[in-house]
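Residue-level listing of the chains:
Number of protein chains: 2
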Amino acid sequence: MEDKKILLTHGSGGRLMRDLIRDVILPAFDNPSLRKLEDTAEIPAHEGGRLVMTTDGYVVRPLFFPGGDIGKLAVCGTVNDLATAGARPLAMSAGFILEEGFPLADLERIVMSMKEAADGVPVSFITGDTKVVEKGRGDGIYVSTTGVGLVPQGIELSPAKIRPGDAVLINGPVGSHEAAILSARNDFSLGVAVRSDCAPLFRLMEAVLREVPEARCARDPTRGGVAAALTEIVEAAGYGIELVEDEIPVEEPVRNLCELLGLDPLLMANEGKMLVVVPGEKADACLKAMKGAPEGADARVIGSVNDRKPRLTVKTPYGTTRIVTVPSGSQLPRIC
Amino acid sequence: MEDKKILLTHGSGGRLMRDLIRDVILPAFDNPSLRKLEDTAEIPAHEGGRLVMTTDGYVVRPLFFPGGDIGKLAVCGTVNDLATAGARPLAMSAGFILEEGFPLADLERIVMSMKEAADGVPVSFITGDTKVVEKGRGDGIYVSTTGVGLVPQGIELSPAKIRPGDAVLINGPVGSHEAAILSARNDFSLGVAVRSDCAPLFRLMEAVLREVPEARCARDPTRGGVAAALTEIVEAAGYGIELVEDEIPVEEPVRNLCELLGLDPLLMANEGKMLVVVPGEKADACLKAMKGAPEGADARVIGSVNDRKPRLTVKTPYGTTRIVTVPSGSQLPRIC
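Those protein sequences? They're chains A and B, same order as listed. The first sequence begins at 0 in numbering that gives the first Met the number 0 and counts up one residue at a time. The second sequence begins at 0 in numbering that gives the first Met the number 0 and counts up one residue at a time.
Treat the hints with care, since some could be wrong.
One copy or two, it doesn't matter: identical chains are merged, so the pair holds either way.
What the hints assert, rightly or not - In silico lysine-lysine, BS3-like type, Cα no more than 27 angstroms apart, as pairs:
(1) K314 - K35
(2) K35 - K160
(3) K134 - K308
(4) K35 - K287
(5) K160 - K290
(6) K35 - K114
(7) K314 - K4
(8) K35 - K308
(9) K4 - K134
(10) K134 - K35
(11) K160 - K287
(12) K4 - K160
(13) K134 - K290
(14) K114 - K287
If you are wondering where the hints come from, they were derived from the structure by calculation, not from laboratory data.
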């Protein structure tokens, strides 16, 4: 299989497509639902709570980067979107748009990486789809994933619930994913490799909600970073949020890269971070819950909700306050 | 908006992306879930039955063709996959991978077409995602849709349930979608325009299952056509299926095109057809139910299940029998 490549006929519903699915996709994702190879698959039985759904397309370049790849990213992105609603993943689907000539070995590596990430959650891919486009009409592989999850009774996370005095927490340093992609595309000779923070955060959110079921809302700061995620919250809520710059964790090589290129870590994409807003008096309990999860070792309280204008501000180490605005585009295309 | 084009920054999480979603996507699909513009949306409450999920990517060329476009196709494809399980659609998601430079007016036309098709079912798009890739890394637009549906209690469609003596029905003439795409890509000077059969079949299947709840299984014969769909059934079931060639409806211009190009209508893709297998004594009831739906006016009993080898055969008008085999690829790439 090493040097085999995707052909247009792999996508056209004939025997070659069935072989591809049986030989490459099925061995990775094997489960009773998928094994039937029907177009429609049953979502596992469940009780109580509310069902939620999320979908995302992944077009990241390069496909493989320090800390992850497009497959792991797709699983983490979908699981983390479900986690922002406090949902436990019930089932996922995966769609592939392959470019003619894409190495089968790379496809195998990507689906194995998806399997590994999904097993760790755990969640199963119960259905999927594969299409092939002509050489020059794609870029190797695009992945789309959809997840269905169950929000337990009593949990309702929404920006509308935030109140002045609430605390804003994050589970670790910001900007690592975008910095890793940036480094992988260029040679900045930083000496230290920057790794993407790409990680599924279902367990972390489960721990947070066990300790603080009255949590107000959660957001995974992906494209547009912490700035875009919190701006969405303040605009939806009608309150302001102020961050304390000194409290925002940034890894050393990421900070160096940002200084070198004049980038703001608050605007940089993350793929293993969760912003959680909780009542002020629950900040310590939330922090403790985060720190108990592997992805929350460096969790911090980074700011608070105020009753000033509905905008995002940052208190600098010099005691001044700056307003954070979301730029019309991002700093880097195709980061996820 | 007429001459505006998609920019890379439309996909990067900033204000331009939010504007695109608010100005183009939201007006078409507007509903309370989507309006929140959160990454995760709630699936409408429902009771009883089993939940199922299906996903598909759409890469059809040309984007607009007689009888439909990539947007209508995406809605019909997902609704019809759910219908093969006997499911009523509860919610859908849509993902777009846009190529830099794609005309905004075309995107608007496509999402309006998706809205129209979804309204007719009815089903709502409750969440979505948009990514943009550089010029030359895509082909205008790729669409991926995922649907979640509810299978009523008592309905269980599966190839494992077919038995010798069962009847095989289809709701109308075969091959029209692939013939329409083929004609749209070339000028065969056929005189008559061939239109795709692209249509959502939820109502048709609902009518069939109301009359014949003991239906064995259903398949929408898309890529690979009736031949691929029935071959899947016979291989999964361990019984044979024999079709009667004279009973298989084919529209005149489609038949002419097939004869001109040496194509077999049984291998050609459909996007508004449903194959249903029912107990032999229920064939008339199923036929009547199909004919009562707008998409079933030309429904026919086209064959039956036998206890011979698990393969698909066709009885020709000359009294002979030929074996239908699924080719390794299809006759045409990117038909859906």
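Here is what the structure says about each hint:
no.	hint	verdict
1	K314 - K35	neither (56 angstroms within a copy, 29 angstroms between copies)
2	K35 - K160	between (43 angstroms within a copy, 14 angstroms between copies)
3	K134 - K308	neither (51 angstroms within a copy, 40 angstroms between copies)
4	K35 - K287	neither (44 angstroms within a copy, 31 angstroms between copies)
5	K160 - K290	within (24 angstroms within a copy, 52 angstroms between copies)
6	K35 - K114	within (18 angstroms within a copy, 31 angstroms between copies)
7	K314 - K4	neither (53 angstroms within a copy, 39 angstroms between copies)
8	K35 - K308	between (55 angstroms within a copy, 21 angstroms between copies)
9	K4 - K134	both (11 angstroms within a copy, 24 angstroms between copies)
10	K134 - K35	neither (31 angstroms within a copy, 38 angstroms between copies)
11	K160 - K287	within (22 angstroms within a copy, 54 angstroms between copies)
12	K4 - K160	neither (51 angstroms within a copy, 38 angstroms between copies)
13	K134 - K290	neither (47 angstroms within a copy, 44 angstroms between copies)
14	K114 - K287	neither (30 angstroms within a copy, 46 angstroms between copies)
Of the numbered hints given earlier, the model fails hints 1, 3, 4, 7, 10, 12, 13, 14; all others are met.
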